[in-house]
Amino acid sequence: MDAHPASTPPVSAAPRAGIRLPGVGVGLGRGLVVLYLSLMVMLPLAAVVDASLSKGLDAFWSAVTGDQALAALKLTVVCSLIVVAINALFGTIIAWVLVRDEFPGKGAVNALIDLPFALPTIVAGLTLLTLYGAKSPIGLDVAGTRVAIVVALCFITLPFVVRSVQPLLMEMDREMEEASTSLGAGGFTTFRRIIFPNLLPGIVAGVMLAFARALGEYGSLILITGNLPFDTEVSSVFIRSQIESGNTAGAAAVSVVLLALSVLMLIAVGIVAHRGARR
Amino acid sequence: MGIAVEGAFKRFGDFQALDDVSIDVPDGSLTALLGPSGSGKSTLLRAIAGLEELDRGRVAINGSDATETPAQKREVGFVFQHYAAFKHMTVFGNVAFGLKIRKWDKAKISDRVHELLRLVQLDGLAERYPDQLSGGQRQRMALARALAVEPQVLLLDEPFGALDAKVRKDLRTWLRRLHDEMHVTTIFVTHDQEEAMDVAEQLVVMNQGRVEQSGTAGELYEHPANEFVMSFVGEVNRLGDHFVRPHDMDVSLDAGDGAEQAMVQRIVALGFEIRVEFVLGDGAEVWAQLTRTELQKLELREGQIVYLRPGQVKSFSSGDAEVSAAA
Amino acid sequence: MTASTPAKWGLRGLAFGYLGLLLLAPVGMIFYKTFEHGLGPPVEAMTSPEALHAIQLTLLMVAVAVPLNTIFGVGCALLLVRRRWWGNSIVDGIINLPFAVSPIVVGLSLYLLYGNTGWFGPTMAEWGIQVLFSWPGMVLASIFVSLPFVVRETVPVLREIGTEQEQAASTLGANGWQTFWRITLPAIRWGVAYGVVLTTARVLGEFGAVTIVSGSISGETETMPLFVAKAFEQFQEEAAYAGAIVLALLALTTLLLMSVGGRKAKASTTKEGF
Numbered sequence: 001m002d003a004h005p006a007s008t009p010p011v012s013a014a015p016r017a018g019i020r021l022p023g024v025g026v027g028l029g030r031g032l033v034v035l036y037l038s039l040m041v042m043l044p045l046a047a048v049v050d051a052s053l054s055k056g057l058d059a060f061w062s063a064v065t066g067d068q069a070l071a072a073l074k075l076t077v078v079c080s081l082i083v084v085a086i087n088a089l090f091g092t093i094i095a096w097v098l099v100r101d102e103f104p105g106k107g108a109v110n111a112l113i114d115l116p117f118a119l120p121t122i123v124a125g126l127t128l129l130t131l132y133g134a135k136s137p138i139g140l141d142v143a144g145t146r147v148a149i150v151v152a153l154c155f156i157t158l159p160f161v162v163r164s165v166q167p168l169l170m171e172m173d174r175e176m177e178e179a180s181t182s183l184g185a186g187g188f189t190t191f192r193r194i195i196f197p198n199l200l201p202g203i204v205a206g207v208m209l210a211f212a213r214a215l216g217e218y219g220s221l222i223l224i225t226g227n228l229p230f231d232t233e234v235s236s237v238f239i240r241s242q243i244e245s246g247n248t249a250g251a252a253a254v255s256v257v258l259l260a261l262s263v264l265m266l267i268a269v270g271i272v273a274h275r276g277a278r279r
Numbered sequence: 280m281g282i283a284v285e286g287a288f289k290r291f292g293d294f295q296a297l298d299d300v301s302i303d304v305p306d307g308s309l310t311a312l313l314g315p316s317g318s319g320k321s322t323l324l325r326a327i328a329g330l331e332e333l334d335r336g337r338v339a340i341n342g343s344d345a346t347e348t349p350a351q352k353r354e355v356g357f358v359f360q361h362y363a364a365f366k367h368m369t370v371f372g373n374v375a376f377g378l379k380i381r382k383w384d385k386a387k388i389s390d391r392v393h394e395l396l397r398l399v400q401l402d403g404l405a406e407r408y409p410d411q412l413s414g415g416q417r418q419r420m421a422l423a424r425a426l427a428v429e430p431q432v433l434l435l436d437e438p439f440g441a442l443d444a445k446v447r448k449d450l451r452t453w454l455r456r457l458h459d460e461m462h463v464t465t466i467f468v469t470h471d472q473e474e475a476m477d478v479a480e481q482l483v484v485m486n487q488g489r490v491e492q493s494g495t496a497g498e499l500y501e502h503p504a505n506e507f508v509m510s511f512v513g514e515v516n517r518l519g520d521h522f523v524r525p526h527d528m529d530v531s532l533d534a535g536d537g538a539e540q541a542m543v544q545r546i547v548a549l550g551f552e553i554r555v556e557f558v559l560g561d562g563a564e565v566w567a568q569l570t571r572t573e574l575q576k577l578e579l580r581e582g583q584i585v586y587l588r589p590g591q592v593k594s595f596s597s598g599d600a601e602v603s604a605a606a
Numbered sequence: 607m608t609a610s611t612p613a614k615w616g617l618r619g620l621a622f623g624y625l626g627l628l629l630l631a632p633v634g635m636i637f638y639k640t641f642e643h644g645l646g647p648p649v650e651a652m653t654s655p656e657a658l659h660a661i662q663l664t665l666l667m668v669a670v671a672v673p674l675n676t677i678f679g680v681g682c683a684l685l686l687v688r689r690r691w692w693g694n695s696i697v698d699g700i701i702n703l704p705f706a707v708s709p710i711v712v713g714l715s716l717y718l719l720y721g722n723t724g725w726f727g728p729t730m731a732e733w734g735i736q737v738l739f740s741w742p743g744m745v746l747a748s749i750f751v752s753l754p755f756v757v758r759e760t761v762p763v764l765r766e767i768g769t770e771q772e773q774a775a776s777t778l779g780a781n782g783w784q785t786f787w788r789i790t791l792p793a794i795r796w797g798v799a800y801g802v803v804l805t806t807a808r809v810l811g812e813f814g815a816v817t818i819v820s821g822s823i824s825g826e827t828e829t830m831p832l833f834v835a836k837a838f839e840q841f842q843e844e845a846a847y848a849g850a851i852v853l854a855l856l857a858l859t860t861l862l863l864m865s866v867g868g869r870k871a872k873a874s875t876t877k878e879g880f
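Residue numbers (my numbering), protein chains in the order written: chain A, 1 to 279; chain B, 280 to 606; chain C, 607 to 880.
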C-alpha cells in the first residue's frame, strides 16, 4: 500500500450478495456519509467559492488579476513546473534503483522515500533551512531566494513520482524486455522503446499529483523563502496575507483559482488511471 | 419434505440465469445439480440457500415456505468452492463460529467442534490457521463448519472444483460416506458428470437456466430425454441421424444396409479399452470403444475401410434429429 | 534488463546523491543542531509550559480527528464497495478533494464558515461554542486535511477479500452487525490500520490550516507545528529545534509503522484461495 494520494481506482459495481444490511441501514449509512462529507468538506469549500464572488464578478476578476496576485500565481506555477520536472527525472531514477537494484539497506531507503509525507511541513522547511540557509555549515545559503522555493517543493513532492512508477516497474513483464533484447535492441533502446512507454502513465500521474500538491504548499516555504511580494511570495502566502489584511473576498478569489487548477490535475490523474486500467 | 423449488426465475441484467426451474429433492437424499457453466446450477443452489433472491418462484425447505426467509435464518449449511475460510480464525474458531453466534456455552461448543473435527479427520489441527492447511483439509474444515449447526440441508457449490484430481476423487468417496452416516438432505453442484454419477443418488441436469432432466445416473444414461443430456452424461457420436455411444458402435468389415463407410484414422490403447478413431465419408470424425478381443478379431489397421452401424440408438425428437429404433 | 555496471553505478550515484542532499543531510543536520550543546537545552525547551501545552493540544487533535475519520472511513468504504449506488462516484471524487486544497485555503474556508461574519459564526456564538481561535476549529481543519486516508486504504482491501466469507457467516446464522464485527473488520484490519497511521501523521503535521484557524495563541491554541514556527520566528532556536526533533521522531516512527503496516496490508490482499 503506498502513501501517495493517487486517485482511488474507479469504484466498480458492488456484488449482488453480501452483508445483508436492512434497507434502512444502508439508507441511514449513506445519509450519514453524505452529511459528514457535506459538513467537513463541501460546505467549507462552498463558503470559499461564495466569498470569492461576494463582491461580484468584476471584483473576482480584479482580485485574481491584480499585480501581486498574478506575480504570486506565476511564481507558484513556474516553480511547481520546474519541481515536477526535476522530480519526474529523479523520481524515475530512484524508482528504478529501488526496484531493479539490490543493495544493503534497500528496505530502509524505500521507507525513507515517504519521509516528506510523514514529516510536518514546517519541520521540513526548518530542516532545509538548517542545511541550506544562513547558518549553513557547507556555506550554501539559498534562504530568501527562489531557489529555496524549488528546493523545498522538491522535498515535499519527492515521493509522488517514485511511488507512481515503482508498482509499474515491479509489475512489468520482463519478457517484453527479453524479447526486445533477443531481437537485437541494445539496453538504451530497450529502455526508450519498451520500458519507458510503459512507465509513462505512472510518471504522468505522479507529476500531476505532485503539481497539485506543490501549488498549495505553505508550511515548508514560510521559513525558508522570505515571502517577499513580487519576488518570493507564492500564492498560498499571498492568500494568507490577504486574509490577514481583511480582504477575504480577494483571498477567496485567488483560492478558487488555485483550487480549480488542482482539481483539474486530480481529474486528469483519474483519466490517466482509468485509461491505464483498461489496457 | 426435503426441498422443493417451484417456478424459479432469476435474471442478472440481460442474462436469464433461471428460467422456470422446478425441482424436488427428497428428504435425506444426495442430489447433484449437473450442467455446464452458465446453466444456472449455482444460482439455483444459492437461491435455495437464500444468498440470491428469486424474481419469481417459491422455495420450500422441509415443508415450510422459505422464499422470504433471509439466509441467516434458513438453517442451511453452505460450502463454497473456494472454502470461504475465516482466515483470521483458527480451525477451531471457524467450526465454532455458528455455535458462538447461537450462544452455546463454551464446554458444549468445544465438545461439538472436536466431535466434528474427528468426523472430518482434522482432529489435532484445531489450533492451526486455514493458511496452514492443504486445499482438501480446508474444504473438510468448511464442511465441519457447515455441519456444526446441525443444518436441515447441506449445500455444496462445486466443493471439489479447486482441488487436484486425486484429492477430488478421495473427497468424493468421503462425502458419500459422510452422507451415509449423517443422512442430511444434501445438494451439490458440479460440472463434472463423472463426479455426479459417482456420488449422487439423483441427478438434475441443467442447461441455460432450465432443467433438462432429473433421475438416477442409470436413468439418465440409458434413457436420456434429449441430445443435450445424452451428450452431457456420456460420450456420444453422431452417425448420420443417429446418436450412438462409443461402446455401442458396431464395427464390421461387411458393407450392408444402414452401414456408414468409414476409414480408420487412429488406434489408441487406453489401458483396458481401445479407442478407435474414424473419419466418415463426409469428413466427420467419430470414435468407437472396443475391447482388445474385438480389436484382434477385426484386425484393424490405420487406413482400413470399415462399416459402422449403430448397435443401439436413443430415440427422441429434437430439432433436426429424428431417430429410428434400435437395431 | 538490469543496467550494465557503469550505468548501474551512475544511476545509484544520481539516486543516492539526490536523496542524500534532499532528505538525509537536512534531517541529519536538525539532529546535530538540536543536540549540539547536549541533551539539556532541548529537554528544557520541551518541558516548558508552552511546549507541554503544545504537545497536549496536538495529541488532542489526534484523539478527536483520527477516530472520527476512521469510523467515517470504514463506513464509507463499506458503502462504496459493497453497495451499488449512483452517488458512489461522486462520493469518491469528493473524498479526493482534500488532496487538491491548499492548507491555507482550508483555513480560509473555516474562517468563512465560523468567523464572526461567517455562515455559522453568529449561531455558534449564540450557542456559546467557540470554533475559531479554539480547539474545535483546529479539529475541523485536521479532519478536513486527513479525511481521505482511511477510506482510500480500506477500499482496496475490502474489494480484495470479496464477499464469500461474509456470505458464509450469513449462512451460519450471523446477522449484519455480527458479520461485520467478527468477519469483515478483522479481515480488513491492516488496511484500516495503515490508513489510521497516515491519518495520524497528517493530523500531527498540519500547519497551514491550523495557523489561520487558531490565531496561534501561545499556551492556548498552539499545536506543535505552530509552536516550532513561532519559536523560530522569535529567535528561540533551541525551542524550535527541540520541537522539530520531537515531530521528526514521530515522523520516523510513522515511517516505521507505514513500512511494517504497508507490507501487512499488501499481504492481506494477495493471499489466494480464500
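A portion of the hints provided could be inaccurate.
Stated by the list, open to error - What the simulated footprint calls covered on chain B by chain C, stretch by stretch (three residues with Cβ under 8 Å from a Cβ of chain C suffice, anywhere in the stretch; the number is not a length):
{"hint": "1", "segment": "377-383"}
{"hint": "2", "segment": "517-526"}
Stated by the list, open to error - Taking lysine to any residue and the SDA-like style, the derived pairs with C-alpha atoms no more than 25 Å apart in a straight line are:
{"hint": "3", "chain 1": "B", "residue 1": "Lys366", "chain 2": "C", "residue 2": "Arg765"}
{"hint": "4", "chain 1": "A", "residue 1": "Lys106", "chain 2": "C", "residue 2": "Arg869"}
{"hint": "5", "chain 1": "A", "residue 1": "Lys55", "chain 2": "A", "residue 2": "Leu32"}
{"hint": "6", "chain 1": "A", "residue 1": "Lys135", "chain 2": "C", "residue 2": "Arg869"}
It is worth saying that the hints were derived from the structure and are not from the lab. From the three backbone atoms N, C-alpha and C, an ideal C-beta is built for every residue, glycine too.
Q) Is lysine 366 (chain B) within 25 Å of arginine 765 (chain C), Cα to Cα? A) This hinted pair holds, its Cα atoms lying about 16 Å apart.
Q. Taking a Cβ-Cβ distance under 8 Å as contact, does the segment 517-526 of chain B have three or more residues in contact with chain C?
A. It is violated: at least three residues are needed, and the segment 517-526 of chain B offers just 0 whose Cβ sits closer than 8 Å to chain C.
Q | lysine 106 (chain A) paired with arginine 869 (chain C) [C-alpha distance capped at 25 Å] | A | At roughly 15 Å apart (the allowed maximum being 25 Å), arginine 869 (chain C) and lysine 106 (chain A) satisfy the hint.
(Q) lysine 55 (chain A) and leucine 32 (chain A) were given as a pair; does the straight-line alpha-carbon distance stay at or below 25 Å? (A) violated, 34 Å
Q.
Run the distance test for lysine 135 (chain A) versus arginine 869 (chain C): straight-line Cα separation, threshold 25 Å.
A. Violated. Lysine 135 (chain A) to arginine 869 (chain C) sits at ~40 Å, over the 25 Å cutoff.
Q) Quick check: the segment 377-383 of chain B, covered by chain C? Criterion 3+ residues, Cβ under 8 Å. A) holds (count 3)
The structure shown violates the earlier hints numbered 2, 5 and 6.
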